[in-house]
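Visitor: Protein chains in written order, with numbering that gives the first Met the number 0: chain A, 0 to 349; chain B, 0 to 349.
It should be emphasised that the hints constitute simulated quantities derived from the structure, not laboratory data.
Be careful, since some hints might not be right.
Identical copies carry no separate label here, and so any pair may be met within one copy or between two of them.
[Claimed, not checked] Pairs of lysine-lysine residues, derived as BS3-like cross-links and limited to a Cα-Cα distance of at most 27 Å, are as follows: (1) Lys190 x Lys124; (2) Lys177 x Lys156; (3) Lys177 x Lys50; (4) Lys341 x Lys279; (5) Lys334 x Lys311; (6) Lys344 x Lys277; (7) Lys327 x Lys225; (8) Lys58 x Lys167; (9) Lys327 x Lys277.
There are 2 protein chains.
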Amino acid sequence: MIHIIILAGGTGTRFWPLSRKNQPKQFLRIPSDRPMLEETIRRVRRLVDKKNIYIATNKIYYATIAKDLKRLNLPAKNLFFEPQSKNTLGPIGCLSWRIYEKDSKALIVVLPSDHHVRFEARFLKVLLQALEAAKDGFIVTLGIKPQGPQTGYGYIKVKRKAQSTKRKAYEVERFIEKPPLAKAKKLIKSKRCYWNAGIFIFKADTLLGGIKRFAPREYHLLSRMKDELGVEQFWPKLKNISIDYAVMEKTSKLLLLPASIGWSDLGSWLALERLMKKDKYGNILRGPCLDLGSHHIVAWSDKQLLATIGLKDMIVVSTPDAVLVCAKDRVQDVKALVQILKQNKFDRYI
Amino acid sequence: MIHIIILAGGTGTRFWPLSRKNQPKQFLRIPSDRPMLEETIRRVRRLVDKKNIYIATNKIYYATIAKDLKRLNLPAKNLFFEPQSKNTLGPIGCLSWRIYEKDSKALIVVLPSDHHVRFEARFLKVLLQALEAAKDGFIVTLGIKPQGPQTGYGYIKVKRKAQSTKRKAYEVERFIEKPPLAKAKKLIKSKRCYWNAGIFIFKADTLLGGIKRFAPREYHLLSRMKDELGVEQFWPKLKNISIDYAVMEKTSKLLLLPASIGWSDLGSWLALERLMKKDKYGNILRGPCLDLGSHHIVAWSDKQLLATIGLKDMIVVSTPDAVLVCAKDRVQDVKALVQILKQNKFDRYI
Numbered sequence: 000m001i002h003i004i005i006l007a008g009g010t011g012t013r014f015w016p017l018s019r020k021n022q023p024k025q026f027l028r029i030p031s032d033r034p035m036l037e038e039t040i041r042r043v044r045r046l047v048d049k050k051n052i053y054i055a056t057n058k059i060y061y062a063t064i065a066k067d068l069k070r071l072n073l074p075a076k077n078l079f080f081e082p083q084s085k086n087t088l089g090p091i092g093c094l095s096w097r098i099y100e101k102d103s104k105a106l107i108v109v110l111p112s113d114h115h116v117r118f119e120a121r122f123l124k125v126l127l128q129a130l131e132a133a134k135d136g137f138i139v140t141l142g143i144k145p146q147g148p149q150t151g152y153g154y155i156k157v158k159r160k161a162q163s164t165k166r167k168a169y170e171v172e173r174f175i176e177k178p179p180l181a182k183a184k185k186l187i188k189s190k191r192c193y194w195n196a197g198i199f200i201f202k203a204d205t206l207l208g209g210i211k212r213f214a215p216r217e218y219h220l221l222s223r224m225k226d227e228l229g230v231e232q233f234w235p236k237l238k239n240i241s242i243d244y245a246v247m248e249k250t251s252k253l254l255l256l257p258a259s260i261g262w263s264d265l266g267s268w269l270a271l272e273r274l275m276k277k278d279k280y281g282n283i284l285r286g287p288c289l290d291l292g293s294h295h296i297v298a299w300s301d302k303q304l305l306a307t308i309g310l311k312d313m314i315v316v317s318t319p320d321a322v323l324v325c326a327k328d329r330v331q332d333v334k335a336l337v338q339i340l341k342q343n344k345f346d347r348y349i
Numbered sequence: 000m001i002h003i004i005i006l007a008g009g010t011g012t013r014f015w016p017l018s019r020k021n022q023p024k025q026f027l028r029i030p031s032d033r034p035m036l037e038e039t040i041r042r043v044r045r046l047v048d049k050k051n052i053y054i055a056t057n058k059i060y061y062a063t064i065a066k067d068l069k070r071l072n073l074p075a076k077n078l079f080f081e082p083q084s085k086n087t088l089g090p091i092g093c094l095s096w097r098i099y100e101k102d103s104k105a106l107i108v109v110l111p112s113d114h115h116v117r118f119e120a121r122f123l124k125v126l127l128q129a130l131e132a133a134k135d136g137f138i139v140t141l142g143i144k145p146q147g148p149q150t151g152y153g154y155i156k157v158k159r160k161a162q163s164t165k166r167k168a169y170e171v172e173r174f175i176e177k178p179p180l181a182k183a184k185k186l187i188k189s190k191r192c193y194w195n196a197g198i199f200i201f202k203a204d205t206l207l208g209g210i211k212r213f214a215p216r217e218y219h220l221l222s223r224m225k226d227e228l229g230v231e232q233f234w235p236k237l238k239n240i241s242i243d244y245a246v247m248e249k250t251s252k253l254l255l256l257p258a259s260i261g262w263s264d265l266g267s268w269l270a271l272e273r274l275m276k277k278d279k280y281g282n283i284l285r286g287p288c289l290d291l292g293s294h295h296i297v298a299w300s301d302k303q304l305l306a307t308i309g310l311k312d313m314i315v316v317s318t319p320d321a322v323l324v325c326a327k328d329r330v331q332d333v334k335a336l337v338q339i340l341k342q343n344k345f346d347r348y349i
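Isolated chain A (complex conformation) (with noise of 0.2 Å):
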């Protein structure tokens, strides 16, 4: 049978004053009009039955989704709270081993909830392949075409030949954390990177053998985490750190499969413009909003009138309590402005 994971538990505000720490990303209505987290559940629904997916997220932002799901109507248990964040390890290890307890020879799919797929009859062909792959004990990773030297993403260097040529998916040589630019240039020249979207498929066995394999310490704390109880004791002595590094890096048993599915992780406010429709001034509207002679700007309200006059490249975002107005060439200095608001008198509205 085939599981879901879903990662929501991730921070983040790049989308500022939208994405706040109460409300990040995967739980805005970006770019569509639904949360990004519904949205990622909404995508495999062809896949499974609901009662096959799980969300793993902080306990902090409990309010926030419990409101977002009751519409989806997926069960309570299915829910599960990191007690603290603690990287991915933690949270694909202990529900994979919940997973796999109702299922011994359970698939499982895991996705992050703040991504955005555009096309999404090929994601959904492209995780079928994979299935088939990891049913044959397989981790695999989906490979995503780099569009430019970011030096923010994790990339995953494949061997020039695909020893194993299965489903067209590649033996990986090794993964590159976010390297600095020149670095990322020379990957990119390379033809043989991919970014790592943070998506894995994987029979739950083999994800276990590998945790049991290349992190014994956190294999027995997961052991010992069936129950709430399990969890309240043993999550806090669990390593920081991710599920890349603890098994992915490590394992021989990965492949990459390379996936044209229009993906994107909503970088900032600018990944908007490849995603939206723009009107016929390159504009991009939300809310109620009302402009004279603006060209591509980007304006973005929540519940206030938003009027904006004769700008151009701007991205203007107005919420009940904060207002940013960006020049969008500026668009990364957001995520400094957010640092100085920690550091001040304005941290109520981060």
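Dock chain B against the given chain A, drawing on the hints supplied.
Guide: For chain B alone, coordinates are given in the frame of chain A:
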């Protein structure tokens, strides 16, 4: 005794979204942090006792003005609420009557409440000069040296030779209301033109005599408005007419006294630039604002955190229910914007 009539019934939304239908410019805290009406009162407090300060306003501003004036502690009976807007003859005539009834030798200074005066000591000095001329039976208006060929102002052309050279005052040749640009340019070249600031100084009986002579019908109506009942009955019959048109343009008793008092009518958001202190980047930030690398912007926030990044020559105004982001060179379009709001579902934001 000197009495002050402050006209505070004006409408106007050029400072939208700060200014609204129920909160026009005279109630805004610009450019200081006190409402303009309050600044107007404070400006003349050294000249008169507060029991001699009268305010005429529209009854739709009752709530706004009551709140503001509580702090100033003016006698409630000095507030005159116009049942409908009837331009300036109505309120000036009516209050002049009431003042005359109490003090037949009363000297009156009429002041708009939505103008800024930078040089207050000089302003008081000019008023005292004007009051001297008023004692002699003249009606004095202060003339502002034009700063440019503004088309939105009324101009007053004086006679080349000041026949009555009392205190540097000029006799008036004619009034020119809101001339087209070419005409305005010609006017300011002539060196004999001043802007009409709507400030008048006269003896009560001089003005009432003027109304009696040049607008006898209105005089009759005004004479019957000595109490609330009279106002209720006769106010609606008043013509919608300005004191300028009804009396000033016709009387031979008018003198213009040039006044270099740093006058500004604060015609748009841009006007703040000349009056408020800028930071070293040329920015004016008011309220909870946080800026990264902007230049020459006005950022104005009531309550919300307003974050600006990398902007240039912009006006950004944030209020609890509406936000404006406007290129400085398009500030005149704020008026057009408000017109559009009026015509559609957004009219609650006006």
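Visitor: Now look at each hint and say whether the structure bears it out.
Guide: Do the hints match the structure? See the list:
In this assembly of identical chains, Lys190 and Lys124 lie within 27 Å of each other by CA distance solely inside one copy; the values are 23 Å within and 81 Å between copies. Within a single copy, Lys177 and Lys156 get their C-alpha atoms as close as 13 Å, which meets the 27 Å cut-off; across copies the closest is 73 Å, which misses it. Taking the closest pair of Cα atoms, Lys177 and Lys50 never come within 27 Å of each other, the shortest separation being 36 Å inside a single copy and 73 Å across copies. Within a single copy, Lys341 and Lys279 get their C-alpha atoms only as close as 38 Å, which misses the 27 Å cut-off; across copies the closest is 25 Å, which meets it.
For the identical chains of this complex, Lys334 and Lys311 are neighbours both inside a copy (22 Å) and across copies (20 Å), given an alpha-carbon limit of 27 Å. Proximity of Lys344 to Lys277 under the C-alpha cut-off of 27 Å is restricted to the inter-copy arrangement: shortest distance 23 Å between copies versus 37 Å within a copy. Neither within a single protomer nor between protomers do Lys327 and Lys225 lie at most 27 Å apart by alpha-carbon distance, with minima of 48 Å and 62 Å respectively. In this assembly of identical chains, the alpha carbons of Lys58 and Lys167 never lie at most 27 Å apart, being 39 Å within a copy and 78 Å across copies at closest.
Taking the shortest Cα distances, Lys327 and Lys277 sit within 27 Å of each other both inside one copy (16 Å) and across copies (25 Å).
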